[in-house]
Amino acid sequence: NAGVTQTPKFQVLKTGQSMTLQCAQDMNHEYMSWYRQDPGMGLRLIHYSVGAGITDQGEVPNGYNVSRSTTEDFPLRLLSAAPSQTSVYFCASRSRTVEAFFGQGTRLTVV
Amino acid sequence: AQSVTQLDSQVPVFEEAPVELRCNYSSSVSVYLFWYVQYPNQGLQLLLKYLSGSTLVKGINGFEAEFNKSQTSFHLRKPSVHISDTAEYFCAVTSDTGRRALTFGSGTRLQVQP
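Read top to bottom, the protein sequences are chains A and B. For the first sequence, position 87 matches number 92 in our numbering, and the numbering has no gaps at all. For the second sequence, position 113 matches number 155 in our numbering, and the numbering has no gaps at all.
One chain only, chain A, in its complex shape:
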């Protein structure tokens, strides 16, 4: 039982490049979400999903896309990377009465 797996752990991008952060969970959780963590701001919700085929925007969605074609996978796409997207990204999954389980995070630097 791997829990929530995020890849990659580290990434450096040039401004304007695109990439996909991968997130997979093996707990059959309905709810998945992506957060970014910046100093002094806690974790802010980027996008979330309440089930396969259903996604919606969180507090800071600009510059990011998501899809949820299966229960297990919830990739986050950066369309055209900007320095303001330098951050640590966390994926999480949970069920109705279960706490959220987090991946180990992706440290992204945009230069």
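All the pointers check out, no bait thrown in.
Partial chain B-side listing against chain A, Cβ under 8 Å, derived: (1) Ser51; (2) Leu86; (3) Arg142; (4) Gly147; (5) Gly149.
Rather than coming from a laboratory, the hints here were simulated on the basis of the structure. Just so you know, even glycine gets a beta-carbon here, dropped at the ideal spot from N, CA and C.
Please build the complex by placing chain B on the supplied structure of chain A, with the hints as guidance.
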């Protein structure tokens, strides 16, 4: 919409002293409440959770928290801290409606000094 306010961004405390990290939330529906801990350069680890029932919940590493619905608070306490408790602590809220994703506070950095 839900929100979480962690009233202290940093809390310095001496080893073996008690500590309280404060958390207030706002929500128009029933909530689930959580405290997570993050050690340097690591992910988030669940300390404790309130889903329903007893308002005093006990977690790992000797931490406990009390849910106070009238004051919309969920303060975290430990009677005697250790150097190893130095970390960032996050309070979070969610519910069974709407996003069902966690809303986090901005975090409290606990610095335990010898």
